[in-house]
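S.K.: Take a look at the letters that make up each chain.
2 protein chains.
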Amino acid sequence: MSTIESSAPPRGMRDFLPADVALRDWATDVILKTYESFGFTRIETPALENINLLRRAEGGENLQLIFEVLKRGDKLERELSTGQPKREGLADLGLRFDLTVPLVRFYAQNQSTLPNPLKAIQIGSVWRAESPQAGRFRQFTQCDIDIFGIKNELAEMELLQATAEALRELGFKNFTIRINDRRILSALAEYCGFDPGRVDNVFITLDKLDKIGEDGVRKELHSAGHEQGAIDKMMTVVTSLQKTKNFAEARNALPEELQKNEALEPLANVIKDLTEQGSGSYDITFDPTLVRGMGYYTGQIFEVSCPGYTYSIAGGGRYDKMVGKFSGRDVPACGFSIGFERIITVLTDKGFKPPNAAAKIALICNPDQDDLTSVFSTASRMRDKGLIVSVQPRKKDMRKQLDALMVQGFTSFAFFKNNGEELEIKQLNQSP
Amino acid sequence: MSTIESSAPPRGMRDFLPADVALRDWATDVILKTYESFGFTRIETPALENINLLRRAEGGENLQLIFEVLKRGDKLERELSTGQPKREGLADLGLRFDLTVPLVRFYAQNQSTLPNPLKAIQIGSVWRAESPQAGRFRQFTQCDIDIFGIKNELAEMELLQATAEALRELGFKNFTIRINDRRILSALAEYCGFDPGRVDNVFITLDKLDKIGEDGVRKELHSAGHEQGAIDKMMTVVTSLQKTKNFAEARNALPEELQKNEALEPLANVIKDLTEQGSGSYDITFDPTLVRGMGYYTGQIFEVSCPGYTYSIAGGGRYDKMVGKFSGRDVPACGFSIGFERIITVLTDKGFKPPNAAAKIALICNPDQDDLTSVFSTASRMRDKGLIVSVQPRKKDMRKQLDALMVQGFTSFAFFKNNGEELEIKQLNQSP
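First to last, the protein sequences are chains A and B. With my numbering applied, the first sequence covers 10 to 441. With my numbering applied, the second sequence covers 10 to 441.
Bear in mind the hints are in silico, worked out from the structure with no lab data behind them. Please note that a few of the clues may not be correct.
Given that identical chains are not distinguished, each listed pair holds provided it fits within a single copy or across any two copies.
[What the hints assert, rightly or not] Mimicking DSS-like on lysine-lysine, the simulated pairs with C-alpha atoms at most 30 Å apart in a straight line are:
(1) K334 with K409
(2) K220 with K252
(3) K42 with K359
(4) K281 with K409
(5) K426 with K394
(6) K182 with K359
(7) K404 with K281
(8) K404 with K330
(9) K160 with K435
(10) K362 with K394
(11) K242 with K252
(12) K254 with K281
(13) K42 with K394
(14) K435 with K84
Since this is a predicted model, take the numbers as computed values, not measurements.
Can you make the complete structure from the sequences, with help from the hints?
M.R.: Here it is as structure tokens:
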């Protein structure tokens with residue numbers, strides 16, 4: 010094996026060193042504690058799912074990115090012996106590409122023994138065979154909360170509050186929750202006269218409004234062959250909505266045909282509640298151009314934007330029709346996902362360091378000279394007082410050893426004097 | 010899709026419900042906190058490794074159990090178009106089957122930026138395509154600590170103390186650490202006159218002594234074609250060693266040729282230290298028949314036995330020659346692994362329930378009637394006092410709802426009276 014190449018992790022995947030894990034664990038812990046305080050509980054599913062489940066799932070372009078697991082033993086031999094084996098027949102399992110598909114399967118499988126409503130936390134890895142590029146990884150962490158079994162906007166309110174609270178605890182300020190409802194988008198498309206079979210294409214373009222501007226959206230819809238009358242009608246509505254200052258004004262600015270839409274009252278309630286709970290530390294705003302990619306949303310959809318960053322740091326929505334595709338019976342479902350890797354990027358950009366949980370002492374000994382049993386007993390007594398104590402053999406260059414300990418976050422060091430009779434403890438100067 | 014079959018997790022893998030995760034998270038947290046108090050820090054590697062790395066690793070029969078990941082895109086097409094594709098060419102990645110192989114790769118890759126000594130914690134999933142059977146899973150959690158960079162028995166002492174302390178914190182009592190050294194086994198094989206090329210086979214059989222007895226071992230070694238003289242010589246030594254009461258006696262009972270073995274002094278030190286630290290709450294004992302399966306061990310090896318269970322609950326040893334196979338330069342290394350799934354089995358058998366972290370209140374509301382903003386503000390104020398508060402919509406059958414809340418671990422419930430002006434909190438009777 011050539012040394013350097015072969016010891017790298019696989020392409021697009023990462024090793025996490027102690028300092029990396031410390032930051033990730035701190036963020037995980039903050040999020041988890043916050044979600045738990047809202048009564049959510051953690052559930053777990055396997056990293057692998059049956060390949061047919063993943064291939065048939067609603068996952069958009071993620072279905073092209075599944076890491077598929079080769080069949081084994083006789084089953085594989087049978088495929089290979091056909092002479093013309095096909096990709097489809099070679100795999101029987103695949104790594105999950107998100108946490109929503111496994112959650113829906115989990116719910117269908119365990120519904121009878123699960124709490125109702127189920128308020129689930131999932132924090133775990135997902136895998137996508139993307140072309141590696143800056144900030145995009147082939148294994149990354151997702152961090153989701155979902156509520157199954159609540160059909161009204163109580164679910165959206167709890168998800169939004171819990172996520173906003175987690176973001177606040179992580180140190181995020183002045184972020185904005187943007188909110189919309191798929192039912193309003195559908196009604197708008199119908200009102201404008203778009204071809205009902207091509208509504209998804211309209212919204213994928215509308216979603217780009219903040220990136221490509223009004224002219225850009227018009228051009229793209231035109232090139233895609235949508236009727237000019239429908240395009241004009243939609244842009245007129247969207248432009249007038251964007252000029253409104255709050256949701257009450259936006260409601261009035263809607264065409265009369267849309268003002269009775271069933272989605273408006275719940276949306277008003279959620280916006281009122283979150284405005285109240287945010288009380289200035291975060292905002293919520295109606296965004297008629299918010300679409301979100303996944304085809305499975307059926308009601309409210311939401312994203313969180315953070316000042317200074319173009320990407321959203323959290324997103325989610327209601328998907329009431331997904332459990333039914335498994336179990337034959339629809340169950341109301343709503344979820345919100347924090348972009349864990351993005352959070353970590355923002356915290357790293359800020360130079361954030363997680364606080365030490367306890368004083369961390371290196372007990373430096375000389376194994377050839379000190380009585381190790383007495384060294385370890387001393388360490389044990391110090392641990393009983395809540396200290397972190399690492400016994401370390403003394404190195405020749407002690408100055409270098411102490412510098413290295415400081416970098417590792419040690420706050421002090423200790424050693425034995427006078428033939429082991431006296432323990433001396435010294436602070437490590439954290440700013441050398 | 011047929012409902013029941015398709016919503017099950019893949020064969021040999023498990024869904025974890027809230028109560029399962031609560032127990033697993035509690036155990037993980039206890040282990041992690043203990044290891045951290047000894048100055049170990051967590052590191053993480055990807056679930057996937059390059060397939061050549063895994064196939065060339067020292068993993069014994071685990072190499073036959075790798076879940077291999079199919080190549081993608083052009084690379085796969087090229088393999089399939091050869092007409093006679095072979096298993097070996099179809100995969101480029103594989104799921105890790107243990108945490109040691111990835112750790113060694115990680116160390117070789119990141120050595121220059123890692124602390125020295127490195128005291129690493131790894132808690133994570135591994136995957137093995139075993140034939141599913143009771144208590145054996147295809148995805149399971151391993152929980153390892155390893156020390157890289159300490160060549161003397163200071164490393165063994167710390168690993169043993171930290172693991173013993175974690176087991177104590179998990180509620181285990183009166184367990185026994187069995188310890189041996191591969192160098193003593195090698196010297197014994199040489200002294201007895203076994204074929205040096207077939208020593209591994211001798212030890213695999215010797216390892217079964219407690220299961221198949223002395224006669225069983227003799228028969229198996231005989232059938233395998235080992236020389237009768239060597240078999241007799243070894244059994245005489247082993248039998249006399251087993252009659253000794255402590256390590257000092259065992260040392261004296263060794264053939265004179267073995268009494269100067271370099272492994273004996275460090276072994277004596279470790280046994281002395283752990284006897285002291287255990288101070289009656291656990292034991293350490295020299296076990297000349299302890300072998301452990303993995304071929305990579307080079308020094309001390311250890312296992313923990315728990316009264317009432319035939320399997321060991323932790324195991325490990327020194328493997329000083331593994332990093333060198335990667336980086337060309339040997340680095341002293343020593344590790345200890347807690348059998349996490351076994352620990353969970355024992356705790357479950359005992360009926361152990363993890364303690365509630367905080368009082369857990371269900372704030373029951375009527376979304377059609379109550380002012381939700383005031384409900385959520387109340388919930389938020391209660392959370393500020395450290396309570397877990399889950400807002401839940403009131404169900405028709407409230408008695409049934411309360412019973413279900415109790416099962417989920419809620420300690421009380423609250424609701425609004427007098428048009429939302431008064432909040433009433435009631436205990437949930439935990440023993441109905």
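S.K.: Hint by hint, note whether the structure agrees.
M.R.: Verification of the supplied hints:
For the homomeric pair K334 and K409, the shortest alpha-carbon distance between copies (28 Å) is at most 30 Å, but the shortest distance inside one copy (62 Å) is not. Only within a single protomer do K220 and K252 lie at most 30 Å apart by alpha-carbon distance; the minimum there is 18 Å, versus 80 Å between protomers. Taking the shortest Cα distances, K42 and K359 sit within 30 Å of each other both inside one copy (23 Å) and across copies (28 Å). Neither within a single protomer nor between protomers do K281 and K409 lie at most 30 Å apart by alpha-carbon distance, with minima of 59 Å and 32 Å respectively.
Taking the shortest Cα distances, K426 and K394 sit within 30 Å of each other inside one copy (22 Å), while across copies they are farther apart (47 Å). When the C-alpha separation of K182 and K359 is checked against a cutoff of 30 Å, the pair qualifies only within one copy, where the shortest distance is 13 Å, while the shortest distance between copies is 46 Å. Proximity of K404 to K281 under the C-alpha cut-off of 30 Å is restricted to the inter-copy arrangement: shortest distance 25 Å between copies versus 63 Å within a copy. In this homomeric assembly, K404 and K330 come within 30 Å of each other (Cα to Cα) only across copies, at 22 Å, whereas the closest approach inside a single copy is 64 Å.
For a Cα distance limit of 30 Å, the shortest separation of K160 from K435 across copies, 27 Å, qualifies, whereas the shortest one inside one copy, 60 Å, does not. Taking CA atoms no more than 30 Å apart as the test, K362 paired with K394 passes in both settings, with 25 Å inside one copy and 27 Å between copies. Taking CA atoms no more than 30 Å apart as the test, K242 paired with K252 passes inside one copy only; the shortest distance there is 16 Å, against 94 Å between copies. In the homo-oligomer, the alpha carbons of K254 and K281 lie at most 30 Å apart inside one protomer (14 Å), although the nearest pairing across protomers, at 76 Å, exceeds that limit.
Taking CA atoms no more than 30 Å apart as the test, K42 paired with K394 passes in both settings, with 25 Å inside one copy and 14 Å between copies. Proximity of K435 to K84 under the C-alpha cut-off of 30 Å is found in neither arrangement, the shortest distances being 64 Å within a copy and 58 Å between copies.
Hints 4 and 14 from the list above are not met by this structure, while the remaining hints are.
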